[in-house]
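Q: For the protein sequence lines, the chains are A and B, in the order given. Position 238, counted from 1, in the first sequence is what my numbering calls 238; the numbers after and before it change by one each time, with no gaps. Take any residue in the second sequence, count from 1 to its spot, add 246: that is its number in my numbering.
Please keep in mind that the hints were generated in silico from the structure rather than gathered at the bench. Bear in mind the structure is a predicted one, so any value in this text is a computation, not a measurement. Hints are supplied without guarantee of correctness; some may be wrong.
Stated by the list, open to error - Okay, derived cross-link-like pairs now, SDA-like style, lysine to any residue, Cα gap no bigger than 20 Å in a straight line: (1) Lys82/A - Leu477/B; (2) Lys222/A - Glu268/B; (3) Lys222/A - Trp470/B; (4) Lys28/A - Glu537/B; (5) Lys222/A - Trp420/B; (6) Lys222/A - Gly448/B; (7) Lys28/A - Ala498/B; (8) Lys98/A - Val441/B; (9) Lys98/A - Arg57/A; (10) Lys28/A - Glu268/B; (11) Lys28/A - Leu477/B; (12) Lys28/A - Thr44/A; (13) Lys28/A - Arg273/B; (14) Lys28/A - Ala267/B; (15) Lys28/A - Pro418/B; (16) Lys222/A - His473/B; (17) Lys82/A - Ile99/A; (18) Lys222/A - Arg273/B; (19) Lys222/A - Ile474/B.
Claimed, not checked - Some chain A residues well away from chain B (every beta-carbon gap over 12 Å; in silico): (20) Lys82; (21) Gly97; (22) Arg205.
Yeah, the Cβ is synthetic: ideal placement off N, Cα and C, and Gly gets one too.
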Amino acid sequence: MVTASHEPPATSHRPAAALASNRWTLVKASALLAFLVFHIVAITVRALPAPDGAMDRSTWSDPTVQQEMSAWTERLGQLGIKLSSNQLQDALYVVAGKILSARDTLVSPFGRYYDWCGTFQSWQMFVAPHRHPARVRVDVQEHGVWRTVFRERDPNATWLASELGDTRFRSLFFRVSWPNFRGMLERIADYVARRAAVDFPDATRVQLVLSRAETPTPDEVKRGELPREVDDTPVVRDLARWRRAH
Amino acid sequence: MSAPAIDVPVEAAPVSVPRWAERLLVREPGTPLALFRIGVGLSLLLSLGSVWLHGDVGILWLDPSHGGLSPTSPGWLFHLLGGADLTRIHLVLGATMACGACLVLGLGNRLPAVIALVGYPALVGLQVDAGGSYDSLMGNALWLLVLADSTATLSLDARLRKGSFITGARVPAWPRWLVLYQLVLMYLCTGLQKVSDTWVPGGSLSAIYFIMQQPTWQRGDMHWLAHIFPLTQAATLSVWLFEVGSPLLLLAILLERGQGRVARFLRFIPYRRAWAAFGLSLHLGIWLALEVGCFPILAMSFYAALWAPHDVERARG
């Protein structure tokens, strides 16, 4: 193009391929940016702290939970917030419900992304130590006498220790120590009964027991004051019934 | 002969790709993602292999009518396969573990991650009460491996494609950023949920002491910790601060390349290495003291994303 003066030309020459490449790069970058924003928002809202599993008020009667409530009642009192433990629990329950409701609203658009792409977030890990942990024990009754055949972490009672010692069984045992997992405790007892009916032909009954002890404080350990384990009500199974059924 | 030039008015043509777009599409050597892939593969083999070795496949994942523990919740995969009986469960287990091996070896690019992302949740979903956070972390790790090109190096794929297990092939960097973000997000959100009086500063700081005493998780008797209780208190405070303060890592990575006083301070500390050292020690300590499945190894796999290859080169240089 011929210009009438020494001014620079009004247009510029650019290869089409380079322009197309730049445009395609921009499209790719824009799409990637959109995906990254979507992914980060989706996993962040799902990961936000929320009291999942805490809305069953019956579990709040657990001694570990009550100890926490007492500790926080006292700490808040030192900060000038005067509440009784019951008032604190009532307030927390209301707040927990609102948090869960808000969280459920935020995550609802991303449900399929979590399900299809494995991006579910669940990070309630050791959020509070269980001060009254339970240890699972299995006893069989032979000739009228109870005998322990399995006890968690006991090298002298190792029946089914391999099966019941896997990490996933530990998760189950941790859960059944809470009252809202009573149904799972019954099912474990059924399974144990099926196995005991075969492995202990002389046994008439088997029981699954949760033995609890409050974890000793460091001072109690140093004084040698280790608390005795107290058994919850055992879950008992009549093995004759299991032998008849199988 | 070059393509003919086309006259385009200057004001109508984009001058160049914007900087943000260039940064998003940056490529880097694939070593961090390869290391992440290997760690995830090993973790998957450990997680599922443990169930198999302990003889728990038929106990945990079958319903009582077939000799299992409790009613199971078969997902769409088992419905598609015609049910969750022992044969089909072993089929899915075998396929998923084979994918874990392929991830370790770096064979099949993204395909093993895709298959494992279907198989793993299908298996652990049969008995959700017998799982833990490591299952959530595994799902996220597998999805990140679907997004990433993680077999560019340290892989059989590289050997087959380029004739060498180790290559300098460049891959998109953005999946590595997502790996790093997931790690920080996990720490932050678990820290924010540690609202027990035993965790939050100002209280007894006895959380780690009492957690170590729980018979469900401990590997052996831990009463001896009572004699070093102040150390466990320090550990409790450190862990809480580490988790709740984890977003500072992202800030540090962003700032440490700058020129100002903050950047010089972050390079002097050096913040990233200290953070990684603490985190890796935390997970090693958990692994030694507690039985929590594949979680420690899986979490440590994410640490591969902390350094870009050029950070390593710069540190060496």
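Q: Compare the structure with each hint and give your call.
A: Hints, one by one, checked against the model:
1. Lys82/A - Leu477/B: Given pair Lys82/A, Leu477/B is violated - Cα atoms ~33 Å apart, limit 20 Å.
2. Lys222/A - Glu268/B: Given pair Lys222/A, Glu268/B is violated - Cα atoms ~62 Å apart, limit 20 Å.
3. Lys222/A - Trp470/B: Given that 20 Å is the threshold and the Cα spacing comes to 9 Å, the pair holds.
4. Lys28/A - Glu537/B: Not satisfied, since the Cα-Cα distance of roughly 44 Å exceeds 20 Å.
5. Lys222/A - Trp420/B: Given that 20 Å is the threshold and the Cα spacing comes to 53 Å, the pair is violated.
6. Lys222/A - Gly448/B: violated (24 Å)
7. Lys28/A - Ala498/B: With a Cα-Cα distance of about 28 Å, the restraint between Lys28/A and Ala498/B is violated, given a limit of 20 Å.
8. Lys98/A - Val441/B: holds (18 Å)
9. Lys98/A - Arg57/A: holds (15 Å)
10. Lys28/A - Glu268/B: Answer holds: Lys28/A to Glu268/B is near 10 Å, not above 20 Å.
11. Lys28/A - Leu477/B: Answer violated: Lys28/A to Leu477/B is near 52 Å, above 20 Å.
12. Lys28/A - Thr44/A: violated (24 Å)
13. Lys28/A - Arg273/B: holds (14 Å)
14. Lys28/A - Ala267/B: holds (8 Å)
15. Lys28/A - Pro418/B: Within the cut-off at roughly 12 Å; holds.
16. Lys222/A - His473/B: The hint holds at about 7 Å.
17. Lys82/A - Ile99/A: violated (23 Å)
18. Lys222/A - Arg273/B: violated (58 Å)
19. Lys222/A - Ile474/B: holds (11 Å)
20. Lys82: holds (17 Å)
21. Gly97: holds (17 Å)
22. Arg205: holds (20 Å)
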